[in-house]
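Asker: Letter by letter, the chains look like this.
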Amino acid sequence: MIRVVLPAHLRTLAHVDGEVKLHVEGQTTQRSVLDALEACYPMLRGTIRDHVTHARRPFVRFFACEQDLSHEPADAPLPDAVATGAEPLLVVGAMAGG
Amino acid sequence: MSGVRVLVGTRKGAFVLTSDGKRERWDVSGPHFGGWEIYHLKGSPADPNRLYASQSTSWFGQMIQRSNDGGKTWETVGNKFVYDGVPGTHLWYDGTPRPWEFARVWHLEPSLTEPDTVYAGVQDAALFRSTDGGHTWQELPGLRGHPSAPSWQPGAGGLCLHTILLDPSHPGRIFIAISAAGVFRTDDAGKTWRPMNRGLRSEQIPDPSAEVGHCVHRIAMHRSRPSVLFMQKHWDVMRSDDAGESWREISGNLPTDFGFPIDVHAHEPDTIYVVPIKSDSEHYLPDGKLRVYRSRTGGHEWEALTKGLPQRDCYVNVLRDAMAVDSLDPCGVYFGTTGGQVYVSADAGDNWAAIVRDLPSVVSVEVQTLR
Numbered sequence: 001m002i003r004v005v006l007p008a009h010l011r012t013l014a015h016v017d018g019e020v021k022l023h024v025e026g027q028t029t030q031r032s033v034l035d036a037l038e039a040c041y042p043m044l045r046g047t048i049r050d051h052v053t054h055a056r057r058p059f060v061r062f063f064a065c066e067q068d069l070s071h072e073p074a075d076a077p078l079p080d081a082v083a084t085g086a087e088p089l090l091v092v093g094a095m096a097g098g
Numbered sequence: 099m100s101g102v103r104v105l106v107g108t109r110k111g112a113f114v115l116t117s118d119g120k121r122e123r124w125d126v127s128g129p130h131f132g133g134w135e136i137y138h139l140k141g142s143p144a145d146p147n148r149l150y151a152s153q154s155t156s157w158f159g160q161m162i163q164r165s166n167d168g169g170k171t172w173e174t175v176g177n178k179f180v181y182d183g184v185p186g187t188h189l190w191y192d193g194t195p196r197p198w199e200f201a202r203v204w205h206l207e208p209s210l211t212e213p214d215t216v217y218a219g220v221q222d223a224a225l226f227r228s229t230d231g232g233h234t235w236q237e238l239p240g241l242r243g244h245p246s247a248p249s250w251q252p253g254a255g256g257l258c259l260h261t262i263l264l265d266p267s268h269p270g271r272i273f274i275a276i277s278a279a280g281v282f283r284t285d286d287a288g289k290t291w292r293p294m295n296r297g298l299r300s301e302q303i304p305d306p307s308a309e310v311g312h313c314v315h316r317i318a319m320h321r322s323r324p325s326v327l328f329m330q331k332h333w334d335v336m337r338s339d340d341a342g343e344s345w346r347e348i349s350g351n352l353p354t355d356f357g358f359p360i361d362v363h364a365h366e367p368d369t370i371y372v373v374p375i376k377s378d379s380e381h382y383l384p385d386g387k388l389r390v391y392r393s394r395t396g397g398h399e400w401e402a403l404t405k406g407l408p409q410r411d412c413y414v415n416v417l418r419d420a421m422a423v424d425s426l427d428p429c430g431v432y433f434g435t436t437g438g439q440v441y442v443s444a445d446a447g448d449n450w451a452a453i454v455r456d457l458p459s460v461v462s463v464e465v466q467t468l469r
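For the protein sequence lines, the chains are A and B, in the order given. Our numbering puts the first residue of the first sequence at 1, with every later residue one more than the last. Our numbering puts the first residue of the second sequence at 99, with every later residue one more than the last.
Source of the hints: derived by calculation from the structure; they are not laboratory data. The structure displayed is predicted, hence computed values, not measured ones. The beta carbon of each residue, even a glycine, is placed where N, CA and C say it ideally should be. One thing to keep in mind: the hints can contain errors.
[Claimed, not checked] Which residues of chain A face chain B? A partial, calculated answer using Cβ under 7 Å:
1. H9
2. A39
3. M43
4. G46
5. T47
6. H51
7. V52
8. F59
Isolated chain A (complex conformation) (with noise of 0.2 Å):
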């Protein structure tokens, strides 16, 4: 199982509680965990990328095994740790105020 961790807004949207476990056929890329994520949970579409295009929102950045993914290719192997669950993919908004 993947385990990605959310953003507070998005775990209250979504009505979760801790981190969220997904089942990704294939291999486990950005584009595979966000279609598993976006099928178990539809009222995260458009909040992490774009509706149409996927691109990534401006405001989100995509963590792993502490390195900053968010600008790999949305086909691109994530960390095996990922891949076996030993880690979790982290959701971030950015640090911004307001």
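Got chain A sorted already, so can you dock chain B onto it with the hints?
Answerer: For chain B alone, kept in the frame of chain A given last:
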């Protein structure tokens, strides 16, 4: 037993304020959607328990929430706002072309007759409609297809479609207003649109009396007389007696004619309300006094309404969607401030009291009269 439900959108969540017909004691529920900007909430005239809310943040974008029980519970519905066809460009602040890009929903206007039909005015300016209770949204592309659209440019808040007025007497007639393009009207349910800005004069644009390009802040109508419209423009308070075909100034003796909201008394079509703001470069009240101005003559002659409102050291603003009226008798008038106060007058503006004083900055106020 009659009562009112006041729907308040703020920078950090929504609040629902309820009272009986006396409008003296209030229950406050919220924050709903805490931490999110709530640009607007509005109830269906056809089913008062059906509410729609526009929820957004810069981080995670736009959500639409729907309630079927008057705001006790909410469900997330559709947030896919995709422009029809190739979006094209409008003008940016510096006058260069910029592709249309969806940012947020400014205003939700439920149908007068169908609870599942609701219109959304969005930034960058376009009009969308849902006929399935907010699950899916389709643009009415005729508006953005108007030949003037490539020349539209944003006001300070963005290129936003912020006002939607549904004409109760003429099926298919809708008025919308865009900052800073102006007023447009359709008579065929959104297929074709005409600019309705004759008589407006704006010194901030190259041709002050241009057909399109005016920063209209808000328009209002009385449902018994929908051919009469009132407008708070960037500067100037205006009136049209011919469904927007022409406008004339009615600023009269106002201390300043800059402001954002304008609204009409529920039972007196010539009684209107504005909140003058010092200037476009100083978005706060003149002289530190919170004064609503009322005209009982359809404009020109205005009186300051001050009883119960702070008359010193007050420098808040009242935004364009943050004033509303109920339909009780006497008519109740409501407004919210950027300082987080929501005020009510249960006697058409003569006396005011704060319902709440310390909410987050108020963006919008709507009222439902419950019978």
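Asker: Check each numbered hint from earlier against the structure, then list the numbers of those it violates in ascending order.
Answerer: Of the numbered hints, just 2 does not hold.
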